[in-house]
Amino acid sequence: MKKDDKQTGTRVASFRLRAYFCLLLLFLVAFDGALFAITWRADNQTFLARRDKLLTQQQYMLRSLGADISNIAATRPLGLGRLYEKKGQDFLSGGVLLRIENSDGVVYSSFESEPDAQLSPAMGATVWRARQVAGHGKMLLVQSALSQELAGYQVLMAFPFQSFFDLWFADLRSIAAISFGISLALAVALWLLLRVLWQPLAQLGDATRRLRAGETQVRVACARKDEIGQLAQDFNRMAGQIETQILKLQATAQEKQSLIDALSHELRTPLTAVRASVQMLQMAKLSQGETYAILEGLQHETGRLQQLADSMLSLSRLERERAGQFAAVSSGRLCRRAAQLFRAQFAAAGVAFSLKLQEEQPLWGDDALLESLLCNLLDNACKACAARSDSEKGEYCPKIDLLAQRQGNNFVICVADNGCGMGEEALRRIKEPFYREDKARSRRTGGNGLGVSICQRIAKVHGAALYFESAPGKGTKAFVSFTT
Amino acid sequence: MANILIAEDEPAIAALMERSLSLVGHKVECAADGNEALQVFLKGNFDLALLDIMMPGLDGLTLKARLPAGLPVIFVSAKNAVADQLKGLGMGADDYITKPFDMLVLLARVEAVLRRTCKSEQGLTVGRCYIDLQKRCVLVAGVPMPLTPQEFNLLEVLVRNRNLALSREKLLELAWGFDYDGDTRTVDVHIQKLRRKLRLENEICTVYKYGYRLETGPVGGGGGNGEKR
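As you go down the protein sequences, you meet chains A and B in turn. Counted from 1, the first sequence has number 430 at position 429 by the working numbering; the numbering is strictly sequential. Counted from 1, the second sequence has number 122 at position 121 by the working numbering; the numbering is strictly sequential.
In short, the hints are calculated from the structure, not lab data. C-beta atoms are modelled at their ideal positions from N, C-alpha and C, and glycine is treated no differently. Errors might be hidden in some of the hints.
[As the list claims (entries may be wrong)] Quick look at which bits of chain B chain A covers, simulated, 3 or more residues with Cβ under 8 Å:
| no. | stretch |
| --- | --- |
| 1 | 17-29 |
| 2 | 100-113 |
| 3 | 162-169 |
Could you put the whole structure together from the sequences, leaning on the hints where they help?
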């Protein structure tokens, strides 16, 4: 689990890193490439302009040199050496190096060392090269082969070119510095931007992991309206649903658990009696009367166990069966039938019973279940009346009403008695399985504390609400409210 | 014999507890709830109280707090969670028995508590014998009768659970111990010896296909059992 978490974490981070580096690379290549292309183009133009200027100058100088050589060669061929010398000195004062070659070889050179460029222009043409010349830095070497009467002459001139390269390198350096600075700023900005963009995703990932670990109340705070905001909202909705589902499951499980706890506790009492009775029969020397008394007790206890099992069975069946064989049930017929079943019992107990059906309503439900719901409530009412008449001798007239009426949108069936009533605690706990307000009485009357629980389940299956109103010593009203 | 107060709201269980405790010679009073138990306690002089925990009115734990601290109390409850037992024992109860309980276990635990509080019976007369449980000796018609320790163990088990039939296996377990690796026939042999030595042929009855029972008359029994017969 933990290892898994870590893996997911690094995967997310590595994806983010990859996205970051790809974007950065793309950005830098585009930006720096463009910057350097522009710079190169500008510098190249400068270079060409400078070269053209120097070449023009060279042509001019070459023409004058050529004219002079032709002149001197025609008039005083011996003065050629001096001419070369003079021209060389002249050029050198302008920073230009000169080398003259003819068919005899090199006749003049102001180069301290031979340049390493092998330039061999065709006759009458000029070639150039930018080269490092020892002691002078970068120079533009221009070699021309003279033509016509001066054929065979090769004139090499070297113009100082270092300043251009210095400028160029300075340019490059500043461009590189600017590029580096901007790249750095870009990298930082991109990182921050990605982080901001990524934050909701990271939050979502974190929330998902926490949800998986069972923290169902986790939610993502994201007010964005974009796809990520939508995702966050969907996530929140999903988490909410999971939470309600889990809470519902927990509540159901808890309810079941408490029912089982209560049941196993409820079983203990009859079991204890059964076990002790059996041991007594087995071990003690008993008179026949005693034996019969114990056997009778045993029968009573097994009867209780049987009843408990039946009630539990109907409870669990109600839990399982949902709207299975539902059909339209006439409320009037239902109430009249339930009343009919109890008439004899009411008469025997001296209960004044009245049936007041102000309204009839076809109900959608299970006939038998609804009948058992009403019978349970009527039975409870009857017991409550009996309890009051036990404790209150004299002018007490037990009275039970079965009413059906409409209350707003709801159709309500009400069983009202003027029996012993319930206290606040009993009213609160009456729906708990096995809750009995008076255990001794309920034992006598054969209750096992499951009646109201079963009623509650029946009402729930029918989408109806069961609730009670009661005052101790005054009576109880039980309502079954059907939504129509 | 000890006077025992039972507070138990389930009449069937109360009746059975009363019956079994009376059989072995205790005097028992029952109350159906906590308040009634308090009233019964004030009227009598009790050596031990057996209290149910969940009762209407006053519950067992509250009742225990209201009773004098010197009165030994055993809780008998269907609440079998360890927490409940610890709570009961933590309140100063001497023991805690969970329902459903074995009758012999109930008797044994009652006996153990009574022994601790020195309310255990000293001895009793059965037939022509006086059995002194304190000194572990028996007088037959006033004359001491030597018994082997094992014979006395068996006699004591019979006396402590008198009027109750004990199976041979149970006798073996109670008088010889769990780890005794003997035959149930050993029990028969020892029973024969006891009958002969103590002349209890009529009192130590054979229960057909089950075991033996020491029957005491109304004098030794003291409980309701004798009167009813």
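Fill in: Violating hint indices (sorted, rising)
none
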